[in-house]
Structure formats: C-alpha cells, structure tokens
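Read top to bottom, the protein sequences are chains Y and W.
Using the numbering used here, you'd call the opening residue of the first sequence number 1 and step up by one each time.
Using the numbering used here, you'd call the opening residue of the second sequence number 1001 and step up by one each time.
Watch out, some of these pointers could steer you wrong.
[To be verified] A few chain Y residues that face chain W, going by a derived Cβ cut-off under 8 Å, partial list only:
| id | residue |
| --- | --- |
| 1 | C75 |
| 2 | V92 |
| 3 | F193 |
| 4 | G194 |
| 5 | S200 |
| 6 | G224 |
| 7 | E227 |
| 8 | T310 |
| 9 | S477 |
[As the list claims (entries may be wrong)] Okay, the calculated bits of chain Y under chain W, using three or more residues with CB under 8 Å as the criterion:
| id | segment |
| --- | --- |
| 10 | 77-89 |
| 11 | 93-105 |
| 12 | 356-367 |
Honestly, the hints are just simulated from the structure, not real lab data.
We treat Cβ as the ideally placed atom computed from N, Cα and C, and that holds for glycine.
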Amino acid sequence: MEHSELLAAGGAATAELIASGDVSSEEVLEFWLGRAGADALNAYLWTADADSARRGVAAEGPFAGVPLAIKDIFCTEGVPTTAASRMLGNYVPPYTATAVARVSGAGMPMLGKTNMDEFAMGSSNENSAFGPSLNPWDRERVPGGSSGGSAAVVAGGLAPWALGTDTGGSIRQPAGFCGIVGLKPTYGSVSRFGMIAFASSLDQCGPLTRNVTDAALLLNVLQGRDEMDSTSVGIEGGVKAPSAERLDGLRFGVPRGLLGEGIEAGVLARFEDTLTRIADLGGTVVDIELPHAGHAISAYYVLAPAEASTNLSRYDGVRYGLRASDEDLLSMYEVTREEGFGAEVKRRIMLGTYALSSGYYDAYYGRAQRVRTRIVEDFDNAFDQVDFVVTPTSPTVAFKLGEKTEDPWTMYQSDLFTVPMSLAGIPAISIPAGLAEPDGGGPELPVGFQIAAPAFSEQKLLEASFALENTIGFDGSPALEGGVK
Amino acid sequence: MSTEYEAVIGLEIHVQLSTRTKMFCGCELSFGDDPNIHTCPICLAHPGVLPVPNKEAIFYALQIGAALGCELSPVSTFDRKNYFYPDNPKAYQITQAARPFAVNGRLGDVRIHHAHLEEDAAKTIHTGGSGRIEGSDASLVDFNRGGTPLVEIVTEPDLRSGAQVREWGQLLRATIKQLGVSDVNMEEGSLRCDANISIRPVGSDELGTKTELKNMNSFRFIERGIEAEIARQKEIVAGGGEVVQETLHFDPATGELHSLRSKEEAHDYRYLPEPDLVPVVPTREMLDEARNSLPELPAERAARYEGMGVSEQAALLLAFETEWAEFFEGVLAAGDGIEPRVAANWVTGEFAAELRRQEDQPLAETKVEPAALATLIGLVSAKKISHGAGKTVLEEMVAEGADPEAVVAEKGLEQISDSGELEKIVLQAIEDNPKPADQVRNGNEKAIGALVGAVMKATQGRADGGEVNRLLRRHLGL
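Here chain Y stands alone, though its shape is the one from the complex (with noise of 0.2 Å):
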C-alpha cells in the first residue's frame, strides 16, 4: 500500500481499504500518527500514541480503524481540554462528550486534539492561547477559525477527517479557507454534551472532511437524540451517503442584497461560475431577499457574547482550571480571569456582560433576539420559494496572519455570510469551489461556495452538495504535503 494513497484518502475510502484487506487498522493508525507528529502548522495542541489513541474506542463499527481530529473544545476523559485557553491550560476532564463517545463507538482512534480559538472565539485561530494553527496552503495565512486546526489537519493531510463546531461559521469559513467541505447541521441533530460552550444557542458540532460523502457519513455517526441534552433531537432517518448528479428541478436563492462591498473579486468569481454549474446541471438559480441578514452580524454580537459571558463565568478557580492568586475571594476571581482569558474572551465577556445588564437588556439583548426571530422568518419565506440559498462562505480568501488582529469589526465581517444560518439554526456546508488570487495578488487560495438549506434536510442539502462537488472537481492535492516540515 502506498502512503499517498493512505495520505488522499478521506475516512470512507480508508473504511474501503481497510474493509477489502489493502491495509490493516495498526498501520493506518500508525501511518497518520507519524503524519500528527510531524504537524508543520501548529494544528494539533495534544496527539496521541497508538495506546492513547485507541483507549475507550471500539474494535468493530462502521469506521473501525480510521481515525479522525478532535477539536480541543470536546471533552475528553483523562486527555487534556484546553479550549485553547490558559484557563484550562491543566485541565483534564473526567468524562467525554457524546459526539466523541459516538465516534469512538464507531470504532474511531483518536489522533489528537486540535487548535482553535480561545473557546471558539474568533475567525482566524489567532486567537488560541497556544499561537496561531496555520493554513497549509500558505503557512503565511491563518486556517481560519475557530475550527482552524480541524480545517488545517484535514487539509494539510495531518488526519483524513476531523470534528469541529461551527457557532456563527467556524466550521464553514476554516474550511473554505483551508479547501475541504465543512457542514454545520441543524441546531439539535448533534448532542452538545460534553462540547465546551461558547454560545449554547447557537454552537452545533459537526465534521469536516476532504469530501461531501465524508461529511455525510460523519454526521451520521455523530448525530442523533442524547438524553444528556435537552436540546438535542437527532436528524429523522439519519444520513446517507450522497449519491445525486444532477440538479434537475431543485430552486438555489441568492441574496444578492448581502453580496454587497467587501467581496474579494477572486470570490465573487468562482461563485459565479458555481452558479453557472448549477444550471448546467439542471438547476435554477433566482434572487431572493433575506431583508433582515444585513443585521445578522450585529445581533449575533450581542446574543452570542451575552450567553459567553455566563458560560465563561464558571472559571472562577475554585474547582480546577487556573487560580492565579488565593489572596482573597475577590482577587481569586478577578486575578484568575485576568490572567487565564484572552483579549477576545474578555472582549466579548464584557460586550455581553454589558448586554445583559439591568436597564440594557431590551436595548441589546431583547433587540437581537428580535433580529434573530426576523431572519428565521426571512429564511422561512425564503425556502418557499427556493430549496437552498447560496453565498460565497467568506468575503475573502485566508487572509495573512496578524492582517486582521488590530480591527475586531473587519475580522467579524469574515462571518457575514455564514452568521445569518447560524441564527436561523439551519443547516449549511461549505464546499470547494475553486482557487482564486486574493484581493492584491498573490498564489491562488482556495474559496468556500456555501449552500443552506431548510432545518433537519441535510440529506437533501448533501446530495446538492454531491452533484456540484462531482462537477466541480476541486483538487485538495496541493496542500496535502503542506502539513508536514
């Protein structure tokens, strides 16, 4: 067996190796820890031998012997959880979330525990208390973020798939950035149980892979009601592998009033010319109006950083994690926080803490939840005239690393696309739909085409995403060997 096929093959096809007898699991596994260990990008914070790998993980399943990344923001009993935060720079859980215990049921190993920004916050992984993940495409540009170790893993060929959550885009724009298919299901088909909360109403777990039909499979294994969360529900039917190639009568709505200023030309192009494969391949692409998506950023900027700034109040030193000074009650807390977040946390602990207070809380806080119940409703009267709504997944390619550090708002705007489902708590992926030179020249970088879709319809959202994955024909190739040194 040769270990480029190993390296190109995502989760599926090393399932087939391994099925048809080309490739036992000890040398699958050993072969993708060699590549863990060897990481050039800074993705991995923790990875694991082949004992560590493999403990708590079935021998049969589905997957058995194909491993995957984890994102550092899933509890794992007896490994280190950092959500890349000093704060829980010590920190080992004693227990494990349910999307981990599902992929390890399903006879996954684990190959380590990935980079992040600081508890999900942020878009370009410059954030992680821990340095930078970098893009394997351009070691100069960011993955993206927050999920930009599980991006840059499975694109660099560090692991075949990987586990991110996306709370307002950080599954989708990492991937996008980084070249793979990212898909964020629909609020509640994946149990939070377990997964470090950034922003519960929003924060959903799902897989990035090299391929629609890994993420198809994945999902399936991940998904589904837990007891542990009242707000899970599972996805009816569960998931199958995609198997569509055409588009024939299937309606995509593009908010042109959202593509406004700040898109890349690089993007706008490649997002053109998907739209002209659509209608080569049978389907029908019209304008719609999302009236209210404009607000989207400013409302999740309030919602979000009011539930982070209660979620991130139980590090407090008391019962583990960082306590940074044991003076007195007070000191322990203030000392404690000052030290263990970093400036986003804080930011935003304080944007929501502000939100949250007596006398502001309708200003802030009750107005978003308005603009939120406004975008569910646009996306409704949307999909009764379409069955999907299309956008670029970010305005621009991977931008440089530290482009972006000194403006807040201009890094916020990378999520213009993706928040507004986020939001509406629907399901949307993001797929390759090219390369493209950034916005001031430069080596071709890859750019995300994302497709939403109603909630609870993934099957239907991933055969879409199948046929135009097939017609694309997206080579990932050249940033495999951007992984390794």
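With chain Y's structure known, arrange chain W on it following the hints.
Then chain W, alone, in the frame of chain Y:
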C-alpha cells in the same frame, strides 16, 4: 395627632423537594453525608456539561402549585440568574424568572403571586474568624447540596404582622408536608423563609420602602424578627427619617437586626433565558395527575374536624400535623361511638401532655396504639373509671405500652359505682375536715375543694368528681 402605621409583609419561601436525585443531574440528594460525595461533572459545573431537568421535581412542583390553588402554566421556562460565589459553581443559578410553573394562587387568606422551580446552592463553611467569609482563614465548599431542587413560593404582600406570618407559615408548612414532597424542616434548611417588610399609614394603598429579612430557621424567630423590624421602621418614620432599602439578618440570640447589604450593593443578576433547556410543557395527564393526587390538605381537614364537633383549637392542631391527625383518626376508627370532640381533646390534651412529660417522646415512637387510647377514652366516657384515674392509666400506657383495662384491674381503679359506699366516704371526709366543712356551710363554696380532694385521696381517684361534688353539697346543706 400622630399617624397610625400598619405593616405590609410579603414572603418568599424556599422549599427543598425530597426527590431522589438533584434538579439537573443524577446525583442523589443527601443530608449530613461526608462532603462532596454526591457530585458529578454536571453539578460541579465542569466545562461542557448540560442540565437535564428532573421530571419528578417538575411533578412535585406541580403538586405544590395545585395545593396552593395556582393556575398551572401550560408552558414555563428556565432562566439564568448570574452571580459569582463559590457556592454557585456555574456562577449562574438556573431558575424560572419570566415564566414560572404556577401563578395566581391562594392559601388561607394570603394570595400566592407565583411559584417557580430552581436549584439550590452548595454549602460554604468559613473557618476561623467570625464564620463570615470576611476575615476567615479558609472557605470550604460542600457541593452535596448544590443542585437540590427548590420550589420558591412568592406571596402577595397580604400579611400584616409577625404573628400572622407565623400562623400562615405553619399552615403552608403543614400543607406541603401533607403532599409528601418535602421534609419542610426549617432547622435542616429544607424550608427557608425570607420576608419583605414595609410600613404605611393605615388606609393607604401605597407600599413603603421595603427591607428584606433573610433566611430565619424557625417561624418563632421569623415572628420576632418581623416584629423587631416593624418596630424599627416605625421608630425611623416617627423620628422623621426614611426607611432605606436593605437586606437584614435577625439574630434571635440578641434580638438585633444587622444589615447584610444595601440597595447599592445589590446584585445585577443579568437574567437571560437558559439556552440549554427547552420549555417545560406538562402533558394534560401530568397536570390532571398533579391535581387529582392531592391528599386532603390541612385547611380542608381542619374544617372537616370542626364539622364533627371538634374544637377549633384541637382541629387546627390535628390538621397541621399529619401524624397526629392520623393517630386521631385511628382512635376514632377503633372507638365504638366515641365522640370526636372528646377523642380530639384526649389526643391533643392529656395524651400529648403525657408524651411531653415523659422525655418529650415523639409521636412516631409512642408505644400507645390508637385503639388502646380509644379503649381508655371509652372507659372514662362510660364512667367506668374517673378522669383522674384515666390519667394514671395513660401514664402507664405511655411508659410501657400497657393495656388500659389491665392497668385498671391491676390497680383497682374501677370507679366506685355504689353510691352508698361513696356516700359513706363523703360523710367521713366531712367529719375529718370540720374547718372547710364549716366554711362551706357559711357560704364559702370555694372551700369545697379541700373536701373533694379528701374524698379523691380516700378513693385513690376512683370516685366520679361530679358525683362527689353533688353528695358533698347535699350533706353540707347547699
């Protein structure tokens, strides 16, 4: 002429539910166990955990709502109440602020504003110093209690005095105890009461500035604390001052009130809807079951006893204490044609007093069977033994669980039914006690007591008091 003021009092009562497990995790409830053994990642607020509501707690809460005559909400929701303290591991308490499970009720003459579900805090112990966190050497946290289901009952400001609060509080406690959903033990903290107190000129509809009196562990202390606070507020206003909004603690040992925090120090709880929980939507069946499963509650029970002729005082005593009511009903059931009024007086009077006298025995541990007490009451009612002899028998019964008829036989307590024999003893008593006899003859009727005593002594209490009196009066020419 000075203005008359009245007090306006509303209560917030916390009731710990006696469910098997905590409100949002599977840890067992406990009291008095070693610290931090009933904990898990959820109630210790580890990263990533989520709450799952306890169905039993929701059902108990609905029963409380139904017993308080509340409208049970078809949809109620949870909110987060944010504050930092080591006993609050998530730094927010999950509670119901916007849409509680029960609203608009009434118990007795007090309206219930609403009742909501929430989780209890852990327990902190501050070592060294005063026992307060300031100046202590170390603070220890026991998370066993953290996450215990609580129902908070909030009344309208319908109460006017400390005594009324005590009486109403006892009715509430008895009502919840009757439901069997809480231990309602104030010393152990399974029932806790805060009072909001203000005063206003009599006849005014406006509410004055209120103070909050925190967490007292008996209704007697609450009564005293409230009276002290009312007096304090009246004095302030009489002196031309203004009451300041603050939270107070009453020290029952000294009778003093201490300020815990002022309005300026009050928390901003930054409430927000709890995104980790879906709304509570009880099914029709669950609501019906909560309403239909209600036992006879103390207020109804007291009314029923009074209807049977039991005195109001005895009826209330029995109705408020389920086990006493059950004992009383046992006596009635065993006693053939026993008069409820008489039985109630024996149970709440002589029997209760004898239990107290003999080392304050709890009713639950008494050796006396209701049927045995019924036999005793029957003997007295039928005048087979005197009331005094009855008390002697009761003493033996409480001490040893003795059979009343055996005690009567053994001690020869059977009442002297032969009036000729009794008459002889009466005449002897008059002869032996000439001085009181003369006093009675000269019109001092009170002196007859000494003669009655002499007859009782001579008969060892076996004589019927009424008959003795009648005979004495006749022979003394009254």
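Results for each hint:
no. : hint    : in the structure
1   : C75     : holds (5 Å)
2   : V92     : violated (11 Å)
3   : F193    : holds (5 Å)
4   : G194    : holds (4 Å)
5   : S200    : holds (4 Å)
6   : G224    : violated (15 Å)
7   : E227    : holds (7 Å)
8   : T310    : holds (5 Å)
9   : S477    : violated (36 Å)
10  : 77-89   : holds (count 3)
11  : 93-105  : holds (count 4)
12  : 356-367 : holds (count 5)
Of the numbered hints given earlier, the model fails hints 2, 6 and 9; all others are met.
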